[in-house]
Amino acid sequence: MSASEPSAEPTTEPTTEPSARLPRPPAFHGHPYLVTVGVLVGLVLVRAWRTEGLLEENLFNTWLYFTCLVIGFWLVFGVAGHFAFSQAAFAGLGAYTAAWMTGNDHPFELALVVAVLVCALVALAFGLLVRRSEHLYFAIATLGLSEVLLLVFHRWKGFTDGGEITNIAPVSLFGWEVAGPDRDQRAFWLLLGLLGLLLLLGHLLERSPVVREATAARERPLVAASAGLPVVRIRTSLLVLGSAVAGLAGAVLVHWRGSVVTEQFGVDLGLAIFLMLILGGMGSKYGALLGAWFYVYVENGLRDVDEQLEGLRDGPLERVFSFSEKLDQYWPIVYGSLLVIVMITLPDGLIGIGSRLSARLRGRAPISAGLGDRLSRPLAWTPPWRRGEPAAVAVERRNTGAADAVDADAVDADAVDAGDGPVVRASGIRVSFGGVRAVAGVDIEVRRGEILGLIGPNGSGKSTLLNAVTGVVPAEGTLEVAGRAVPLGRPPRSRRAGLARTYQTPQTFTTLTCLENVLLGTPDRRRTGAAASVLARPVVLADEKARWAAAQAALVEVGLPAHAERSAAGLPHRDQRLLELARALVGRPRVLLLDEPSAGLNAAETAELRDLLLRLRDGGLSLLVVDHKIDFITALCDRVVVLELGRLVAEGDPHGIWDDQRVVDVYLGVPADAEAG
Amino acid sequence: MLFAVSAKFLSLAAAGVSQGAVVALAALGFLLVYKATGVVNFAQGDLITLGAYLAIWLSRDVELPIVLAYAGALALMFGIGVVLERVAYAPLRGRSIHVVVIATLGAAIVIRTVLGLWLGASPVALDTPLRGHLWRVGGAAIAYQRIAIVVVTLLVVAALGWLFGRTDFGRQVRALASDREAARMHGVRSARLSMVAFGLSAALAGLAGVLIGPATSSFDLTLGFSVMLGGFAAAILGGFGSLTGVVLGGFLIGIVEQLVGGYVLRDYRGAFPFVLMILVIALRPQGLLPGRAAHERL
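Those protein sequence lines, which keep their order, are chains A and B. Terminal number for the first sequence in my numbering: 672, no gaps in between. Terminal number for the second sequence in my numbering: 316, no gaps in between.
Mixed in with the good hints there might be a few duds.
To give an idea of the interface, some chain B residues facing chain A are shown, with a C-beta separation under 10 angstroms as derived from the structure [unchecked claim]:
id : residue
1  : 116
2  : 117
3  : 118
4  : 131
5  : 211
6  : 285
7  : 296
8  : 297
Keep in mind that the hints were calculated from the coordinates and are not lab data. Backbone N, C-alpha and C define an ideal beta-carbon position, used for all residues, glycine too.
Excised from the complex, chain A in its bound form (with noise of 0.2 angstroms):
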């Protein structure tokens, strides 16, 4: 076993224990199969008892259509956290390619297919045009999205006819045919096997890696990537597989209504969406079916009120209800008022209210579904190139690349070390945030087995080096790892030479349970995607199974077993730092970058940090650390070096670096005297 194993320590010994001791991990709590075949066969028997009559069946299947437009839209927003208002016209792209292919006497089998290629494939090339861009200019460019598919509808004769298609011929899936006079009652049942599907791609997706990774990419995509995420690649599959979800959907609305209109696909339904998935609840893909059922038949609530008024304005109300408009007029100013007062008041939409119920009988924190959080953020936006920190977008940028983290098959640091000469050596590195320079031109060494300690005042540079090492700001200069050269500024690319940080302000993902957290970190990526999650589900469980294990013995590393499934939000600060320091060490790092981890601990917590870091680099680990405390550096050190205004000043052993006189200078500054002399 390697050196840099950390889970050589005996103290992880309980994990290699059948893995029966495992606690199931959140994703695998309850039955959600059960869950949604109640939930189907619900709906069919209230379609049984309540739905009488033509009109009833279509307003039935309407709130089936839009509850599967908005879980692809759960995928997109919710889950991945695009800002998209794109998902109607996906939705008439999905429609509009079917009629076409069954207008052209293909099967209707064929045209579902057809329909979802087209959509994810003009998904994908949108998805990877835009992705460097986020929230604002992502919305903006949604919209003209759905601008520019509109008019191709509108204007694209042969393809739809000028966008009002009718008349269109009864198709069958697999013999079973959407016709007659009961067209309504069998597009339920095509409707309700396709919300099944989704319900079911939904729980594949939950119960495997790619919701928890694309949570952490949506909250925090920087801290995502350093732990390894291909982050792009996370966030754009999801964009392909919602909108594709709305072809789909579109695809099977028209071949129901028989004939659509351009106007049904409108930037207006992009915003209903929205409002149904938030009023819904964005933590539950069962959110989407109490958002589109209020949609639905709230409005045709206006309208029944409406044709009972009619009586009374001829009676004695006729000048209460003088107004000739009819109720279901003012409907849109219902919803564009609810999506304001939603907005403000539930952020986890009607779902969340039940959950937030169970959570508090059962007295265990609810795990948000994150809106509130990103509710809670800055409101004033500023365009990417201006930000104070122009380096973590840059960063973005160069992620986007994500071709190194696509391949992120796992840290190579397995491979055993030749030679015994420093594992990291970075050279002339150079740092620079408009016209400071924070850091000039630092050569660092960081040894095999030793903790080297860089300390040095406030603003000296510590973390900014730190940054530029694990690439997170660009910088100029060199990096190697274990005498392999690592490009700069590329997070994914330094994770995969082994090296592993924690932050100033610990990093944890609220959203997420403390498992879970750990698990981002894990270098084993196989089968992490989408697809693999749908198709090769036995493999992805085993190696999920794999996964918990890792993480489950980094949590016992770092001494907080018990906190396993807990959300990480109520997690004192001292635990957030242990759980960082876990999702650092379940990638087996050849070394740990660790920021300030006493900041904010009292003495016995450092004491016990102190104890701890020792720990793992007797079991062979190499680590930098900055830090403030004199007295944990002091102890725990084998070296230190001292960097002042971004240059490195004086090397040396801990006890003995205080005797330089520069470094007392550093620290007391210098008296005015020696300073002219």
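Assemble chain B onto chain A, guided by the hints.
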């Protein structure tokens, strides 16, 4: 023959410039609020529609002379902007960009629906004192209304440049934008400032409405929304936040759409601005202008 080609070219170019001015004028309104508060108001397009409809109401139902109707519409729009700030922005201050975008889009739907219920959804026309006046140049005829739009756009850019660069208001806005807390501690009255910014921005929307409305023979409730999308594209081309950038971006969009669209893919020219915008986001997200420095962020 040659003459005929050049006349077509000339009239297309003129159409492009005036369309660019329309788009830029629409964008200036939301840029004003963006510079003052860091928020992008997606309801701006429907405020433009509202401005045009208010002018119609004032001239048709209140029977004001058309120029007074314009002035009245602008004044009303200022008030509406202040109300909008109180209702849809102030409660959301400090919330995420998602909330604000969705809330302003919600406000847009509400405005549009109210307008439809109040004045009807059928196409309408807005009068202009310049109606029927054409400038004939080299075989092409350019409506005075379009020339007026170009002139007013340039004037507004100059005025906003002065407002941000030379006035106390501008200094306070810049201070707020760079550090909200520090600015407030130095006595900048942020609430009043953002109300004024929203008011001015809505008045600008009104100005855009009363100028753009008469440029077409008739329009409906979607007048502003599509213009605003073009405005977003122009703003992105110009590097979000730059006043001169958005005007140049607008002209570029208009000229590409009209000139290129005049010769190839005529049916799809409406898509050109958005394709251009998506390409710019893909290739040069900082906008097309060279060397845009950080200090331009106001």
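Quiz prompt | Hint status (Cβ of residue 296 of chain B to nearest Cβ of chain A, threshold 10 angstroms) | solution = Because about 6 angstroms separates residue 296 of chain B from the closest Cβ in chain A, which is inside the 10 angstroms limit, the hint holds.
Quiz prompt | Hinted contact residue 118 of chain B with chain A - closest CB pair below 10 angstroms | solution = 6 angstroms, holds
Just to be careful: measuring from the Cβ of residue 117 of chain B to every Cβ in chain A, is the smallest value less than 10 angstroms? 5 angstroms, holds
Note to self: Does the closest beta carbon of chain A sit nearer than 10 angstroms to the beta carbon of residue 116 of chain B?
What the structure shows: At about 6 angstroms, which falls below the 10 angstroms cut-off, the nearest Cβ of chain A leaves the hint on residue 116 of chain B intact, so it holds.
>> Is the interface hint satisfied for residue 285 of chain B? The criterion is a beta-carbon contact with chain A at less than 10 angstroms.
In response: With a closest approach of 4 angstroms, the residue 285 of chain B hint holds.
### Query
At a threshold of 10 angstroms, is the proposed contact between residue 131 of chain B and chain A supported by beta-carbon distances?
Residue 131 of chain B check passes; min Cβ-Cβ to chain A is 4 angstroms, inside 10 angstroms.
**Item:** Closest C-beta approach of residue 297 of chain B to chain A relative to 10 angstroms, hint status
**Value:** With a minimum Cβ separation of about 8 angstroms from chain A (threshold 10 angstroms), the hint on residue 297 of chain B holds.
Exercise. Against chain A, with CB atoms and a cut of 10 angstroms, does the hint on residue 211 of chain B hold up?
Worked result: Hint on residue 211 of chain B: violated, closest Cβ of chain A at ~14 angstroms, above 10 angstroms.
Checked against the numbered hints given earlier, this structure breaks only hint 5.
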